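Engineer: Work out the full structure, taking the sequences as your base and the hints as a guide.
Residues in the sequence shown are numbered from 80 upward in steps of one, following my numbering.
Mixed in with the good hints there might be a few duds.
Computed Cβ-Cβ distance ranges for the label pairs, DEER-style [said to hold, decoys possible]:
#1 Thr563 / Thr685: 18 to 28 Å
#2 Asp682 / Arg305: 27 to 37 Å
#3 Gln233 / His318: 21 to 31 Å
Derived pair list, reagent style DSS-like, types lysine-lysine, alpha-carbon separation capped at 30 Å [stated by the list, open to error]:
#4 Lys835 / Lys308
#5 Lys332 / Lys224
#6 Lys308 / Lys753
#7 Lys308 / Lys224
#8 Lys1006 / Lys307
It is worth saying that the hints were derived from the structure and are not from the lab.
Computed from a predicted model, the values in this text were never measured in an experiment.
Positions of the beta carbon are idealized from the N, C-alpha and C atoms, including for glycine.
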Amino acid sequence: MSDQAAVPEGRALLFGPFRLFASERLLFEGDKPVRLGSRALDLLVALTDRAGDLVSKRDLVNIVWPDTLVVEANLTVHIAALRRTLGDGQSAARYIVNSPGRGYRFVAPITFADAPAPADLQVKTAPNNLPVQLTRLIGRATILKEVTHRLSTQRLLTLTGAAGIGKTAVALSAAEELLPAYDHGIWFIDLAPVVSSSLVPAALASEMQLEIRSDEVLPTLITALRDKKMLLVFDNCEHVIEATADLASTILKGSRGVRILATSREPLRIEGEHVYRLSALELPDSLIGLRAAEALQFSAVQLFAERAAAAASDFELNDADAPYAARICRKLDGNPLAIELAASRVDTFGVQGLAKRIEDHLYLLDGTQRRTLPRHRTISAALDWSYQLLGPAERTIFRRLAIFANGFTLEAAAAVVLEDDGSSPDIASSIANLVMKSLVAAEASDLGARFRLLEITRAFAWVKLNESEDADLIARRHAVYYRTTIDAISRAGSEGTLAVNYPYDLDNVRAALNWVLSSGGDSSIAVALAAGCVPIWLERSLLTECRGWTSKVLDILDATDLGTHAEMVLQTAFGLSLMFTQGMNSQVGTALTRACELAEQLDAPTWQLRALVGLMVFHHRLGDFRRATVLARQCDALAQKSNDAVAISIADSINAASLFFLGEYDEALRYSSKAQRRTVAAQRTIVHWGLDHSIYAQCASGRALLHQGLFDQSQQALQKVHADAVATGNPTSLCQALTWCGCPISIVLEDLEGVKSAISELKATAEKGSLESYLASGIAYEGRLHATRGNLALAEQMLRSGLERFREAQYDNVYVPFLDYLAEVVASRGRFEEALAAADEALRRSERNDAFWWMPEAMRIKGEILLLAGAANAPAAEHLFRRSLDLGSRQRGLAWELRAAVSLGHLYAGQYRRGDAYAELDRVYRKFTEGFGTATLRHARSLLEEWAV
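Structural biologist: See the structure below:
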């Protein structure tokens, strides 16, 4: 142990150009904060605490990964990331030295400073998903300055250039520099794994963690970006150039503060685009008499020297090797990626030997490839040359790694790149060697080391894989690995873990599904793989994708798959995702009914509960409340049998909703109360399709209280359910609270400002989440609000728009009340025949579906329209008002009784029967025990005063 102690709290440790504030976990290079992964930062603190001493690999692993079993490759990856971030080996700087087989030593001189980290140097935390860069940008200072300056005045800047020229590196460095300038952050979207142009908008939505609940992704994106000050970095656009161009153009036209930085081998060619073509790194004009100091003035040679030092810790460019290093860089046209690949082999061949091999193996491409651009030939040659230099086993591993679509773990690689005899190579050492040779990129994260082939490297390896006889074998292993892994997690009951961790491998899962569903694939793997992915799709609200895959797999089920657990899961997921993305399609009921039957046969109560609840929501939306109630009883029995608090809470909440729709308000309140008590005890759970059943239960409670005339309690329920829904952060929950309670309670209580606020929030939330049915409700409620304010033309327009959307989705339950509202508006505009037809249809639907929750109001509205149509209709109107009063009374629906009594009172008052009018309204008014401060009861009181004899 050295004499130096750990860094005292509040003091800075200084070495080279860096300042480390260990207690604050901050690292600065000069005055610029350095972004460093948490594991790499832990390693830096540990090594500087023992500066000068050799710290064993075991000690470092124990310090950084306490109580966790990790392979040594993780340590190697994070040390490499740390060294590259510090620029270890650049310009003779030395910080960390490796003692092979033993450990690491921090060798740079250090001093201490008393001043704590100044407040103005604190790391900016603007939201972003920028990856921590593991290498330093060399030779691009002028370009970086130009790019950042241009983005201050240009909304779309595209970096173009040859493959491997460093477009991504420049874009990421510019994004790092600009983080403080964008209030809503910077988002990096790597389009390389996107296999279809149609998925480009979804890739952006996924990186921004936007919930998409319809097939139309673009409107959600535009709504989310409309008022943002944000930079979007679209990387690797060339293979989806048209889709990216369309998306960029739409975003720029639909927003004010969003800017776009794109990287592509060709421009997007859209209005407003500015193109910046990256050139090669700087090269010496002459090699004759070139010395090391002179060569290192050129960025290409600087890059070569730094990467060579990273591969061989004792490397230092000398005068004898300088001309050869410059020749290598010139032969590689100053292409950064090609230079990195070459420099990684200095430890094997030396600089002069490497230069000879570059000369010998530069053009190894066939005739077709020679017709590509020169720099493409160069980098392909460098890749092929590197491939030829690998040993037979490494070559096999490298080309087989091309099967991974977007990164992999050591475990995944070991399972897929097995030797043909089934034996497993030392995969960690092999991949570590490929990392050192810059053929595989290592990514350090808190979840452990992940690896990937860079885009151009994977494209090269993919060609090699398909030229071999391995392609189908490796594709099968890849698919089997993900099927087996996902299945094992699911069987262990860890679906939550699956949903949290597997986003990292979604591209691999998609690639596996594409293969197994192809003509040369294996459909038996497809069934198990898709079924295993269902929790991922449902938990992460990837409903459109879920519907697509499950539909395809259900179409290829054979006799051995029918009646299995996999079919049950697929039918459930297909039914749920179809319902929430396309509406009440008949296929929804078929799929969920089949899932229920299978779950019962297979004794799978959890999946049976999911399918049953889905069916109940389906029948609620269709307006078939009797069928929903029967299913609710089944759900209740199943939940009680399970003795699971969450399951019982779900059953109670869905029962509460069913009973409310049937006008059984007392029972609805009883079930809602039970659901809320159990939900609190069970730690509120959002079920697998995004519905919070605590919110569901509270909504049923709030509406039941309103209908019972408990106006103060209903307002309190409204405030609570709104606050709880906002706290969930779930847009579906918030829309549910606003649709069920926020808008209708405010309407009945004549709180027009409350209605306006609820509608505004509902529409904004529904647009952001692409929740089409809730957006339709917002539009229709806005029409209702305009009607109360006398703007009848606009009211009719918006009500018709909302109704058309409900009709397309077969959302009958919500369709009926808004049809009545439309009837009122049309009648007020003097079109009585049309209004009566609409009111008749609404009442027929209510009676057909036993929609007792709305039936009294449907009767009253028809009566009001009859009166508007002519005095001769007074007897028929009075009959309807009486029926509404009686039904409201039987239901204990005091709110409906009051509205019917007011309508009947107006009829009597118009017939000069004020005493009768007063008597009818007074009889109902006296039943109220609260809510006297609401506009509704104040209005009733003023009528009583007017009609008093």
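Engineer: So which of the earlier hints does this model not fit?
Structural biologist: Of the numbered hints, 2, 6 and 8 do not hold.
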